[in-house]
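2 protein chains.
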Amino acid sequence: MALIVQKYGGTSVGDTERMKNVARRCLAAQKAGHDVVVVVSAMSGETNRLLKLVAQITDRPNEREQDVIVATGEQVSIGLVALAIQAQGGEAVSFLGHQVRIVTDSTFSKARIKSIDAQPIRAALAKKQIVVVAGFQGVDETGSVTTLGRGGSDTTGVALAAALNADACEIYTDVDGVYTTDPNVCPAARKLDRITYEEMLELASLGAKVLQIRSVEFAMKYKVPLWVKSSFTEDPGTLVCEEDASMEDVLVRGVAYDRNEAKITVVGVPDQPGAAAKLFGALDAKHIVVDLIVQNLSRDGRTDVTFTVAKADFAKAHDVVKLAAQEVGATGVEVDDTIAKVSIVGVGMRNHSGVAARMFQTLSQEGINIQLISTSEIKTSCVIHTKYTELAVRALHTAFGLDAPPPVKDHPTVSENDALHGQKA
Amino acid sequence: MALIVQKYGGTSVGDTERMKNVARRCLAAQKAGHDVVVVVSAMSGETNRLLKLVAQITDRPNEREQDVIVATGEQVSIGLVALAIQAQGGEAVSFLGHQVRIVTDSTFSKARIKSIDAQPIRAALAKKQIVVVAGFQGVDETGSVTTLGRGGSDTTGVALAAALNADACEIYTDVDGVYTTDPNVCPAARKLDRITYEEMLELASLGAKVLQIRSVEFAMKYKVPLWVKSSFTEDPGTLVCEEDASMEDVLVRGVAYDRNEAKITVVGVPDQPGAAAKLFGALDAKHIVVDLIVQNLSRDGRTDVTFTVAKADFAKAHDVVKLAAQEVGATGVEVDDTIAKVSIVGVGMRNHSGVAARMFQTLSQEGINIQLISTSEIKTSCVIHTKYTELAVRALHTAFGLDAPPPVKDHPTVSENDALHGQKA
Chain A
1 MALIVQKYGG TSVGDTERMK NVARRCLAAQ KAGHDVVVVV SAMSGETNRL
51 LKLVAQITDR PNEREQDVIV ATGEQVSIGL VALAIQAQGG EAVSFLGHQV
101 RIVTDSTFSK ARIKSIDAQP IRAALAKKQI VVVAGFQGVD ETGSVTTLGR
151 GGSDTTGVAL AAALNADACE IYTDVDGVYT TDPNVCPAAR KLDRITYEEM
201 LELASLGAKV LQIRSVEFAM KYKVPLWVKS SFTEDPGTLV CEEDASMEDV
251 LVRGVAYDRN EAKITVVGVP DQPGAAAKLF GALDAKHIVV DLIVQNLSRD
301 GRTDVTFTVA KADFAKAHDV VKLAAQEVGA TGVEVDDTIA KVSIVGVGMR
351 NHSGVAARMF QTLSQEGINI QLISTSEIKT SCVIHTKYTE LAVRALHTAF
401 GLDAPPPVKD HPTVSENDAL HGQKA
Chain B
1 MALIVQKYGG TSVGDTERMK NVARRCLAAQ KAGHDVVVVV SAMSGETNRL
51 LKLVAQITDR PNEREQDVIV ATGEQVSIGL VALAIQAQGG EAVSFLGHQV
101 RIVTDSTFSK ARIKSIDAQP IRAALAKKQI VVVAGFQGVD ETGSVTTLGR
151 GGSDTTGVAL AAALNADACE IYTDVDGVYT TDPNVCPAAR KLDRITYEEM
201 LELASLGAKV LQIRSVEFAM KYKVPLWVKS SFTEDPGTLV CEEDASMEDV
251 LVRGVAYDRN EAKITVVGVP DQPGAAAKLF GALDAKHIVV DLIVQNLSRD
301 GRTDVTFTVA KADFAKAHDV VKLAAQEVGA TGVEVDDTIA KVSIVGVGMR
351 NHSGVAARMF QTLSQEGINI QLISTSEIKT SCVIHTKYTE LAVRALHTAF
401 GLDAPPPVKD HPTVSENDAL HGQKA
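As you go down the protein sequences, you meet chains A and B in turn. Quick note: the first sequence, position 365, residue 365 per the UniProt record's numbering, numbers continuous. Quick note: the second sequence, position 223, residue 223 per the UniProt record's numbering, numbers continuous.
Just so you know, these hints were derived from the structure itself, not from any lab. Fair warning: this is a prediction, and the values are worked out from it, not measured in the lab. Using N, Cα and C, we set each Cβ at its ideal position, and we do this for glycine too. All clues given are correct.
DSBU-like cross-link-like pairs, simulated, lysine-lysine; straight-line CA separation at most 30 Å: (1) K128(B) to K52(A); (2) K128(A) to K52(B); (3) K20(A) to K128(A).
Non-contacting residues of chain A with respect to chain B, defined by C-beta distances greater than 12 Å in every case (computed): (4) A2; (5) N260; (6) V267; (7) R302; (8) L372.
Could you build all of it, start to finish, from the sequences and the hints given here?
As C-alpha cells, then:
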C-alpha cells in the first residue's frame, strides 16, 4: 500500500463532468490499495473570471485582498470534487489552506510555503477518507489568505507529498507527459519515460509549460518522485526523478525553444569596474528579469554587453538601459526583438565532450547564424533569428538522435533515448 | 463618534459598480466620524450559481462540502468591496468567518453563532481601517466552514454589532424600509419610522421579507438598534428598536398576508387523550412545519382539528395525515389550498380591547368569510379564501388608520401611526 498525492489542473476539473472523472480516478487509486490525497486547481477560466472582477474595481489591487478573491476558485473545486467522490459511494473530506495550516510567508500573490500540518490529513486517511486539498493557497502567520502564484497548485501537490512522505506525486494535466520537444514544431517529438529533476528544471525555464518550475525544485529538494500524466488517458506518463547511471548515457534529453525574449546590446561600454553593475542594477531596480548575459573580451578599452529580457519587459528595459548606458559612458544601445533561443538539455553533457560543437555544426549546416551562446553544465543555448526556430529545433532533434523510432527491449541503453515538452492528449 | 455596523445584501453588491457605491457609503460614514464595520453578502445570483454546480454533481450533497462551496460567494464580495474602498483612497481590510473566529455549531447550512472574537476588528478599527467582514459564514470548533442559512448575512451583521457593542446596525437592501403593508397590494401603504422588535418578528414570520427573522431575535436579545435602509437612496429608513411608551398608542402597526399556505382538516377526531399528539407527531417525523392549529370544543365525543402548512409541504402532509387520521379513528380528511392568512400586528393590542372584534367586523362588512382565527398577544390572524386577499388587506389597512396622510409635527402621538412590508426603492 502506498500514499499517493494526485494533483488535477484546471482543465481536468473544467466542468462537473470532468470532476466526476477525477473522482473515478481517485476511487480507482484507493481501490488499488492506496491512501489518496487529491490537490485540485480552480475550474479552468475561473481565476481569470475573478481577476476580471478585480480589474473592474481597480488596476492596482492590494494583493492581500486579491488573494482573498482568487483563492475562492480552488475552494469551489475541492467542495465539488469531494461531493463527486461521495456521490460515487466513496468517503471524502475537503481541506482549505488554513485548515491544514499550509503556512506561507506574506508575499501575497506569490507566497512561498514554510510549513504544513500533516496531522489533519493523516487523521482523515486513517478513516479511509480521500482527502481533497485546495491547491494554490495558504495562510501567512497572521492568518491572512495567501496564494502561491500561477501554477501554484503543482507546488501544493509536491509540498504535501513531501510533508506526508508520500510514495509519489502525480500531476494530472491535459498533456500525457514530457516530450523531447514541442510536437507542434517537430512531429518527430516523442514522449519521455523518465527525465531528471535538473533536466526538467532547465526545460521548464526554457518554455515547456508542463510543470511549474518551483514544484520541480521542491520535488528535487525532497526527492519526491513526480509523475506527469494526462487525466484523460491511461498512459503511464513521464517520471521526473533523481538521476541514475543509465540516464547519463543519453547526451541530450530534449530540445527547447523560446520566442518570447528580446535582445539588447549596450555598445562600447568602457572596460572599467562597476559598469556592468550599474547597468544591471538599474534593470533590477525596475524589477526587470534578465535571462542570458554575454560579454566578450574588450578591445581598445571598450566592450559590448548583450542580454535578453522577456518581450513584455522589452520597452521598459530599453528606456532604462538608454539612460544607464549614458551614465556609464557607453557609445550606444542596439535592440532586436526578432530572436529565438534554442536549447539542448541533458545530464549526459556533463561527462561527454563535443555536444556544444555538434549543436553549432548542426545549426551551421542549416545556414543558421548564431547570435549569442550561453552554456551551463547540462544545457547549451543559442540565440538565433526567430524565423529559423522550427528549422533549428527539427535539425537538433534529429542530430541528437531524439527522433529515432522507439527502442526494442534488448537495447536498454537506447531506451533512455527519450522525451520533452507537453503534448495535448 | 459612533461604531456602526453596515450590512449590504446581494443586490447592493450585485455588480462592481454597485460595490463602488457601497464603498462611497462606507467612506461617507467614516468621514462623518464613525468607526465602520461592513458585512457583505454574495453578489446576487452567485449563491444560486454555486448551488447549480452542486446540483450537477449530486442531488443529496453533504452539507459540510456544500458550505465550503457556497461560502466563496461572500469571500469574493469582501475582497472586491475592500478593493473598492481602497480605490477611493480609503483604508480597508477584509476578514473571513474563520479570521474573526465567528464560531458556530456544526449544523452545516444553518449553523448558529456561538461566539465572535472582536479583537482583530477592534485592532483594525484602531488603525482607522474600514473592516469588511464576510456575512453568512463561520467556522465550527473543528475549523470546518459553516454557513448560517439564507439571509444569514443579516445575522452576521447583528451578531457583530452585539459583539462590538456597536451603536447601530444598518441593514442595507433594495427596499427603503419597513412598510405598513405590501405596497404592491395596497397603494396606501406607508413606510414606518419605527417598529418594535416584537412587531417585526411577527411581521417577518408572516411574510415580510425585509429582515431575516433570526437577526431580529438576535438584535432583540442584545438590544441592538437595527435600521432598515436602501443602499440606493438617502432615505433614513425604518428603525427596529425596543418598545417605548409612545409606541403603544398605535393599535396596529401593520397588515401582513401569506398566500403560501394550505389548510388541512381532520374531521371527526375521537375526543380522547393522545389523538392530537399522534397526528402532529406524524407530521413532525417528516419534518413538516405546522403553522396555525385550531381545535374547537368537541360535540358528540368527536372534534375537528384544522391546521395550515406551507404549500410546498402540502402533498406530503396530506399523505401523512391520511394515514394518521385512520390510526386515530377520525372520520375523514378535508383539504384546501385556496387560502390566505391575513394578520394585523401591533404592541398596542396588549392594552386595548376590541382590536380583534374590529378586524372581524371589517372583514364581515366586505362580505369576507373567516375560516380560521388565531391570536397572540400582539397579533390577530384570520384565514380566508385566497381571492379576497387584496380586498382584506386594503380594508384592514384603512380600518386601522394606517393609510392616513403623514402626520403634522404638532401631533406627536399620531406620528407613530406608521409602517410595514418592504417596498422596492
